[in-house]
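Each chain, letter by letter, is given below.
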Amino acid sequence: MFGSFLKTSQVKSPWLMHFDCGSCNGCDIETLACLTPVYDVERFGIINVGNPRHADVLVVTGTVNKRNAVILKNIYDQMPSPKLVIAIGACGCSGGVFREAPNVLGGVDKVIPVDVYVPGCPAKPEAIMDAVVTGLGKLKGILEAS
Amino acid sequence: MARTVIPFGPQHPVLPEPIHLSLVVEDEKVVEALPTLGYVHRGLEMLAVKRDYNQMIQIVERVCGICSMIHSLCYCQGIEEMMGIEVPRRAKMLRVVWSELHRLHSHLLWLGLFADSFGFESLFMQLWKIRERVMDLNEATTGNRVIVSVNVVGGVRADLDESQIRWIKDTLVEVEASIKSLQSTIMNDSTVCKRTVGVGVLTKQAAYDLGAAGPMLRGSGVAQDMRQLKYAGFDEIAFEPIVETAGDCWARSTVRFRESLQSIDLVRQALDKLDGSELAVKVKGKPEGEVITRVEQPRGECLYYLKGNGTNNLERVRIRTPTFANIPPLAAILPGLDFADVPVVVLSIDPCISCTER
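Protein sequences appear in the order of chains A and B.
This note's numbering puts the first residue of the first sequence at 1, with every later residue one more than the last.
This note's numbering puts the first residue of the second sequence at 147, with every later residue one more than the last.
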């Protein structure tokens, strides 16, 4: 019974953690803007948490560079399964305008598996919300299969 | 009690960006703070040799997403100075309009994050609600919310028509009224004052000696603002730097609060001074020589050093950003604080790590 409760609540009320992985701040503030009154993702039961051990969804903005690749991997490993990773912005998807910069490895998928990619430089709050909802569909599929 | 080292960051709920501080504490008191940087370093100054000088505008805009317009303004001014281009007056005034709108949204963003850092979440929500109005102005006039990409070498690429100017003015009246309605909360509320008054005091002499910049410097009583250099259209606009003398977190937040109201006034002045001249002049030739330009970002003085060698690519771009200047003063005020005050004081410098590390 507890298991089925967890399955429902993880999809109905996902806890989200945001990690800035070398972004220019553009996507970060758009992600934060999603939490504020005009967009307000909390009405979907989504809560922003600071601890990866509490999080179901990892939202990553920005490129991966040589230094923060380890941090990103650590954070991902600390999250309980099943988990969802959303890469936000052109940088998170592929490296964006910085892909040729000397310290940049590329997109988030160079280090951890990514479930949803959000294009845009920066991605709009509407697109980020849409990505979370799309990702939850995927999470639901994983939970039902397990 | 023995000394304990507490790691703060790189991933921390109060930090929107990764920075690591090793806080050495005795009981609840911080005795030493050692910052570690490099989590956002991309090395984009090096891209100058791979991209031509026009494409570099898109790169420098992405040094920092919050003040992107002001970064590209500084870069374009440098190239224009190098190539001897005189920018039309309308373009200069439009640059003031968008750079002040950026300052306005940046200060509202910071005030919100600052409120959040001491747990005042409803104030954070209110300020970000107001900020969305400013983002709407950016989106409607330039096509993008955050990275507006309006500057080109020789002028700007977007224009405002009469109806847009009227709409901006109408919206700013509402924004101004809603910011003013929060004034007593931000400046006088007892719960806010308990966390900010007398916390993290930076004296005038220390601010000057350690090379603080922007609201950090002005909050300590030094009247220095790069807009006094009269770049872009500021030569025709009445402007006085805003100064507070207390030097604590309260003074820094008050400076930013008053500057956000001042920005609204500057946008109005610039809109009134728009004339019928063209948007951009034609650019001929390649940049050659060396130049240093400075502008005032929301966080303080930003300096660009550009070196051209007569080809399409610049030889060197060097960017010095205000948060870099504000880290030594931060490291100086952290010792002696209560551990619970650290997030408030760290945020009070308005850290922009992506600027600092580029």
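Take the hints with a grain of salt, since some may be wrong.
[To be verified] Cβ-Cβ distance ranges computed for the label pairs, FRET-style:
(1) A/E42 - B/V170: 35 to 41 Å
(2) B/L407 - A/E42: 27 to 33 Å
(3) B/N455 - A/E42: 49 to 55 Å
(4) A/S146 - B/D411: 47 to 53 Å
[Said to hold, decoys possible] Derived coverage of chain A by chain B (criterion: at least 3 residues anywhere in the stretch with Cβ under 8 Å from a Cβ of chain B; other residues may be distant):
(5) 37-51
(6) 54-67
(7) 78-88
(8) 109-117
(9) 121-135
Hints in this document: simulated from the structure, not taken from any laboratory.
The C-beta atom is built at its ideal place from N, Cα and C for all residues, glycine as well.
Verification of the supplied hints:
1. About 37 Å separates the C-beta atoms of A/E42 and B/V170, a value consistent with the hinted range of 35 to 41 Å.
2. Separation of B/L407 from A/E42 is about 30 Å and conforms to the stated range, judged on CB atoms against 27 to 33 Å.
3. Taking the beta carbon of each, B/N455 and A/E42 are about 54 Å apart, inside 49 to 55 Å as hinted.
4. Our hint of 47 to 53 Å for A/S146 and B/D411 is violated, since their Cβ atoms are close to 59 Å apart.
5. Check result for the stretch 37-51 of chain A against chain B: holds, 5 residues qualifying (beta carbon to beta carbon below 8 Å, three or more required).
6. For the stretch 54-67 of chain A, the proposed coverage by chain B is satisfied: 4 residues have a C-beta within less than 8 Å of a C-beta in that chain, meeting the threshold of three.
7. Figure legend: the stretch 78-88 of chain A, annotated as covered by chain B; annotation inconsistent (0 residues with Cβ-Cβ distances under 8 Å, at least 3 required).
8. Counting residues of the stretch 109-117 of chain A whose beta-carbon sits less than 8 Å from any beta-carbon of chain B gives 0, not enough to reach three: the coverage restraint is violated.
9. With 3 residues having a beta carbon nearer than 8 Å to a beta carbon of chain B, the stretch 121-135 of chain A meets the requirement of three or more and the stated coverage holds.
Against the hints set out earlier in the document, violations occur for numbers 4, 7 and 8.
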